[in-house]
Structures are given as structure tokens and as C-alpha cells.
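Visitor: Chain by chain, the residues run as shown.
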Amino acid sequence: MTKRKVISVIVENQPGVLARISGLFSGRGFNIESLAVGETEDVTTSRMTIVANGDDLVLEQILKQLNKLIDVIKVTDMSEESHVEVDLALIKVEIKDPAHKSDIMTTVGIFRARILDVTSDVFLIEVTGSEDKVNAFIELMKQHGIREMVRTGTIAMTRTKIQK
Amino acid sequence: MRGSKILLESLKKEGVDTIFGYPGGQALPIFDELYNEKAIKVYLVRHEQGAAHAADGYSRSTGKTGVCLATSGPGATNLVTGIATAYMDSIPMVALTGQVPTSLIGNDAFQESDMTGITRPIVKHNYLVKDVKDLAQIIKNAFYIANTGRPGPVLIDLPKDVMLAEADYVYPATPNLRGYKPNTEANKNQIKKAAEMIEKAERPILYVGGGVMLANACDEMVKLAEKINVPVTTTLMAIGAIPSAHVLNVGMLGMHGTRYANYAMQESDLIIAVGARFDDRVTGKVADFAPHADIIHIDIDPTAIGKIIRVDLPIVADSKSALRDLLSAVKKLEHKEWLLQVEEWKKEYPLKYIDSDKEIKPQYVLEKISQLAKEDTIITTEVGQHQMWAAQFLSFTKPRTFLTSGGLGTMGYGFPAAIGAQVANPGKLVIDIAGDGSIQMNIQELATAVKYNIPVKVAILNNGYLGMVRQWQELFFGGRYSSSDIESSVDFVKLAEAYGAKGILIEKKEDVEKALKTAFAHKGPVLMDFRISREENVWPMVPAGAGLGNMITEGLA
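Heads up: the protein sequence lines correspond to chains A and B, in order.
Counting in our numbering, the first sequence runs from 393 upward without gaps.
Counting in our numbering, the second sequence runs from 215 upward without gaps.
It should be emphasised that the hints constitute simulated quantities derived from the structure, not laboratory data.
All values derive from a computational prediction rather than experimental measurement.
Hints should not be assumed to be uniformly reliable.
Unchecked claim - Restricting the straight-line Cα-Cα distance to at most 30 angstroms, the calculated cross-link-like pairs of lysine-lysine (BS3-like) are:
#, chain 1, residue 1, chain 2, residue 2
1, B, Lys566, B, Lys545
2, B, Lys255, A, Lys456
3, B, Lys722, B, Lys708
4, B, Lys354, A, Lys456
5, B, Lys521, B, Lys406
6, A, Lys456, B, Lys406
As the list claims (entries may be wrong) - Okay, the calculated beta carbon distance ranges per label pair:
#, chain 1, residue 1, chain 2, residue 2, range
7, B, Ile766, A, Asp524, 51 to 59 angstroms
8, A, His475, B, Lys642, 29 to 37 angstroms
9, A, Met393, B, Asp590, 50 to 58 angstroms
10, B, Val500, A, Asn445, 19 to 27 angstroms
11, B, Leu547, A, Thr550, 55 to 63 angstroms
12, A, Thr436, B, Asp382, 46 to 54 angstroms
13, A, Asp447, B, Leu547, 45 to 53 angstroms
14, A, Gln406, B, Gly229, 48 to 56 angstroms
15, A, His475, B, Asn390, 42 to 50 angstroms
16, A, His475, B, Lys255, 36 to 44 angstroms
17, A, Gly419, B, Val500, 44 to 52 angstroms
18, B, His506, A, Pro407, 45 to 53 angstroms
19, A, Thr550, B, Gly641, 44 to 52 angstroms
A virtual CB, placed ideally from N, CA and C, is assigned to each residue, including glycine.
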């Protein structure tokens, strides 16, 4: 059965590391849904958030193979822990009829999205949240027409346990 | 100190005294430094692939990390097959490549190729040295990575300007690798559970792979087998881990394994896999593999466990320490009935061939080699029918005496690997068992063998075919021998002589023994051209995709 896993990978902040990770996925035929990468609080490391699909055997291999890479410092299976996921999308939504404007703006309000730019025929909207929420927003915008879209891919962080 | 000098000083700190290499423009500063270096001997090969395989053979026969060196671009890409060969069989190797100066990297400069990019999927790790200040630490890291954990090749790409730049030289005492901590000790609870499973099992079998060889754990493995009285089957990579004649040894398993090894696997109720990886050539059809067996899998590489077969008890550890722990955790056991059954299979289905007086059978040549060679003789092979016959019909008594490309299956491996092994073991007899196809893939290394008087013996089992291809075409492609007939392609005796080596042609069975004796007594390299029966097949065989128990032995019934 195919499952979805969110994996956080702390890697050495060095050239070529992204290629090692992406090469691992392509070379071994693993499915990758999204990969987001950026610096962390420690400039010598980067953090990648990878969303991958597969059955149990494949997902276990993905975790092990990531761990095996020399430049990988730590692999965390977010699915095993309480965590927060955020995805961000920028969407250009077409305003085919000025009468649609208020409908779009209402939806933007409900989703706590933001309008970043507007012209006579296009809204540029930023929406953040879980992948599901962003997907839902995109579905609603499709009826108006999406001219262009970009997504960051999921980033995630574990929740800190409250000390009692 | 200059970068090239730092390189050599660091290599010496790692105990390197032998390099197999080939020079070129961007590697000139390194070779210039080597010119004055007394403590490192450079063997100049005739093709960079030969350098990589020689470093590999050097490593497999000793356990030390092999080192090869090539220039940038084509020199470096010629190493690739050798690096991939080492990677698939987990052989510790450090490959050094020249690179264009850092200012030119990415410009498609003359003889530039992105070596860290090209080799990424076939190395354990690789480095591009951009600053001479990092060089010593990178070398420290590279050797540590190559020869710890699950060993493997590491490539270091060395731009020319870095080799010419100056820096202070201090060799670091330790590697700085926060992401790499190989786990060598087995979990105590897992060992206890393993011991319980072993004690409960009625038909256990030890399935031993190359990891046992790499960990120098053959003694521990044999001791465990003897204490718990179980049959031992080895993969191609573990031949020699237990003496061929040992009463518990059931030989190689898998596609061309013995029937009794495969039957023992299929009928077992517990497989103790050590340093083996359930390769498709071993398991046959996975769904039909060992249906009654629980599996304990000991491996230093967690990714090897549960990759192909679901495992009941994983033990991530160095096989030497795991076997040692297991040996003291288990009771002495007998498995009289089980061993009797295995013995019956051995008697009923021995490895055999139909000998002939009219033509030379390859198996006969191999049996003669085993009779005439000394115990510590090192055998290398190329890849194909001859390789499987060698695995089946040669006998071994010691680890690290059978060197063959198992994972990648590289034709052209055996001869340069034999050269590397001979360099590392000057007193021993080193024989490359070859086919007439494979030997031509690195035949140029005859020049290397002659130049340094490296007295390897090459036994070509010459059937005028790419034999394994032909066998598959006969069995599975209606006998259409497409591009596999290479008869009369070369006069090997003249070829040997052209290089300054000795060549012997053997066309009659009665000349086999004499030729071998002559070759073994000869002080230099010898090429023996055994004209064997043309269409001999390797039996038994599990057809690709069939279950391990479904072996065919056409023509031998």
C-alpha cells in the first residue's frame, strides 16, 4: 500500500549534496513528491524536507539509503512524530469577470491567504498551510482559471514537547 | 608544502606503498612528485581500467585499500568501470584523478569531465578538492570511509592548481565526518534472540556472503558452523571463506550453484545470512525463495537488510563481532537428521560433467589446476562461463584467494586484478581463469606484466564463443547465436610473444597437465590457450526468474 512520508534531512551545507540526494531518488527509482531545501540555524548545515511515496519496504529503504550518505548528518521520519507541515504557493488567478472579484476575495479570506498584487485581469495570491489546505485552495481557484503557479513543497518541523 | 607533496605524504601516512596509474596533462604535478618518491612504487598500466582493477585485486587479496591514479577527462572516465566493479563488491579503494585547474572547472576545458558527478552513484563517497588547505583532511576521510563500515571506493578529484599550491602540512589524527558513524557492534538483545532462534531451528543453514571475507571473519564463521553443526553455503563472493572440502560446506548457491546448496536453502527452516545481500542471482524468484525459513540477517549495512527479502531478525553489525558474539551465545548443537539429508542430496546430485578423450573439457582443466596449484594460490577470473566453472570446479582452502567480479560482472576484470594481487603477493602463484572473450578486454596489460615481470598465469578456456551469451541464446533464444561467435579471432601464442610473454597452445587433453606444469614453473607471465569443447554449458542452472529449487541440468541426466 502506498503511503506518504515526510522526511527531514540535515545535511552538510556543501556543493553537490542536493545532487547526491536527488541522484539517490532517481537512481533507485524512489518517488519524490516534493523537496524543499534551505539553510538552518547552523550555517554549516542545510535542511531538506522530502515528501516521498511508496510502500513500507520502499519507505524504509529511503530512510536507510539517506542515512547511508556520508554528507547526511541526521534523518528524521516526521511521520513518526508530532509535527507541523507548511506548504506555500503563489498563484496567479484570472479575473475573467469583475463580478468574480468578491468571490475570490472571500475565498482568500476564508483560507487566510493574501493578495500580493493585482492588475485588471489577475490576482497574485499567496497561500500557506498544510499540503491539503493549499490543494483545496487551488481546486477552488481552478474554476476562475489559474494562469501560473509555483509551490515551495512541504517544509516541516517537529513540535517541541512541553516540559511538565 | 606543495599540494602534490602533501598528497604523497598523506598517502604514506595511510600506509600506501603501491599505486597503479597512468599519467596525463592535469596529473603531471602528481607524477612529477612521484618521480622522486622512494616509498611509493608506481605501476604504469596500459589502460586506466587496468589500474582500477589492479588496485581492486591488490585490495581483495590483502584487505588493504587499493589506490589507482589517472589524469582528468578520458583517463578518469576510463577508471569508471573499475570503480563500479569495486563498488558493487564493496572493495576498499581510493581513486585519485587529476582535474583541470579550479579556474577552468565548468568551462568544458580540454580533458575536463565532472568526475564527482559521473561517479556519484558508483562510489561510497567522493571529493573535489578546491583548496589545498583541505587536502590532508580529505585524504584522511577518504581512507577512513573506504575501509570502514561496508567498504567501498572513494574518488578524490585533484585540480592541477591545487596540486601546485602551497599550504602547511599537518596530517590530521582523525577523520572529521559527523554524518558517518558505522555501527560495528551487534545489539546484545538481538544476539540473544538469534541464539534462541538457532537453538529452536531444526534445519538451519548459514548463508555466507562477501561481507564475511571483507570483515576477515571466516574463522569465526567456520567455528560457528562447527559449533551448531549446520551446512554452509557461500555466494560467489565468499568462495574460500570455508575450505571447499569442509564437511559442512555445500558450495555456492544460486543460479549456477550446487543443487544441494539450493535444496538446502529451499528446505531450511532458518537462514542465517551473514554479509550477504540476497542478490537476484542467489534468490531466483523471490516469491518462491526458502518458503519455510525464518531469516536472521547480519550485515554492517542497514540498507542491505530488508531490501529484497523480509527479514525476521535484523542484526546491523560487523560480521566479525556479530559472529564472535553469536558463537559465545549459542549452545553446541547437533543436526544429525538435517545434515544426513544434506549429505544425501550431495551424493545424489553432485556437480558433474561428462568428460571426453577427444576434446578438452573446461572442467577438466580446472580440476587439473586445483591438483597442481599450491594451497595459497590466488585465482582471479573474468566473467562468463569460465567464471562459473571456476566457482564450481576449483577447490579452495583459504579466504581472499578467489577474486572475481560478482556484482557488476565485469569482463576484463581478472587479468589486471591478477596483476594487482601478484604485486601484493609476490611469492604466490596467481592464476587468471579467463575466456577468449573476456581476456581481450584488458589484454594490453600483458605489457605491464612483462615490464615489471609480474609472473601471472592466464588460463584461457577458449571455446571461440562469448560462451555465457551463447548458452543463453541456445537455451532461451532458439539457438540464434547473434554476435556471440568469436572463433579464430586471435592467435594468443603469437600475441603473448608479441608482448614478450610466454604463450602455450593446448589442443589435446593429454597436454593439459604438461602445459600447466610448464606455465607454473615459468618465471614470467604466461598465456595458456586451452582449446576447449565449443558448446559446453554450465550446469546446473536456475533459469532467470525461476524458483531456486527449479534447477535444470540438460544433457547431464
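Visitor: Against this structure, judge whether each hint is valid.
Guide: Right, here's what the structure says about each hint:
no.: 1; hint: Lys566/B - Lys545/B; verdict: violated (37 angstroms)
no.: 2; hint: Lys255/B - Lys456/A; verdict: violated (40 angstroms)
no.: 3; hint: Lys722/B - Lys708/B; verdict: holds (19 angstroms)
no.: 4; hint: Lys354/B - Lys456/A; verdict: holds (25 angstroms)
no.: 5; hint: Lys521/B - Lys406/B; verdict: holds (24 angstroms)
no.: 6; hint: Lys456/A - Lys406/B; verdict: holds (24 angstroms)
no.: 7; hint: Ile766/B - Asp524/A: 51 to 59 angstroms; verdict: holds (54 angstroms)
no.: 8; hint: His475/A - Lys642/B: 29 to 37 angstroms; verdict: violated (59 angstroms)
no.: 9; hint: Met393/A - Asp590/B: 50 to 58 angstroms; verdict: holds (54 angstroms)
no.: 10; hint: Val500/B - Asn445/A: 19 to 27 angstroms; verdict: holds (22 angstroms)
no.: 11; hint: Leu547/B - Thr550/A: 55 to 63 angstroms; verdict: violated (47 angstroms)
no.: 12; hint: Thr436/A - Asp382/B: 46 to 54 angstroms; verdict: violated (23 angstroms)
no.: 13; hint: Asp447/A - Leu547/B: 45 to 53 angstroms; verdict: violated (37 angstroms)
no.: 14; hint: Gln406/A - Gly229/B: 48 to 56 angstroms; verdict: violated (28 angstroms)
no.: 15; hint: His475/A - Asn390/B: 42 to 50 angstroms; verdict: violated (31 angstroms)
no.: 16; hint: His475/A - Lys255/B: 36 to 44 angstroms; verdict: violated (56 angstroms)
no.: 17; hint: Gly419/A - Val500/B: 44 to 52 angstroms; verdict: violated (21 angstroms)
no.: 18; hint: His506/B - Pro407/A: 45 to 53 angstroms; verdict: holds (51 angstroms)
no.: 19; hint: Thr550/A - Gly641/B: 44 to 52 angstroms; verdict: violated (60 angstroms)
Going through the hint list in order, the structure does not satisfy hints 1, 2, 8, 11, 12, 13, 14, 15, 16, 17 and 19.
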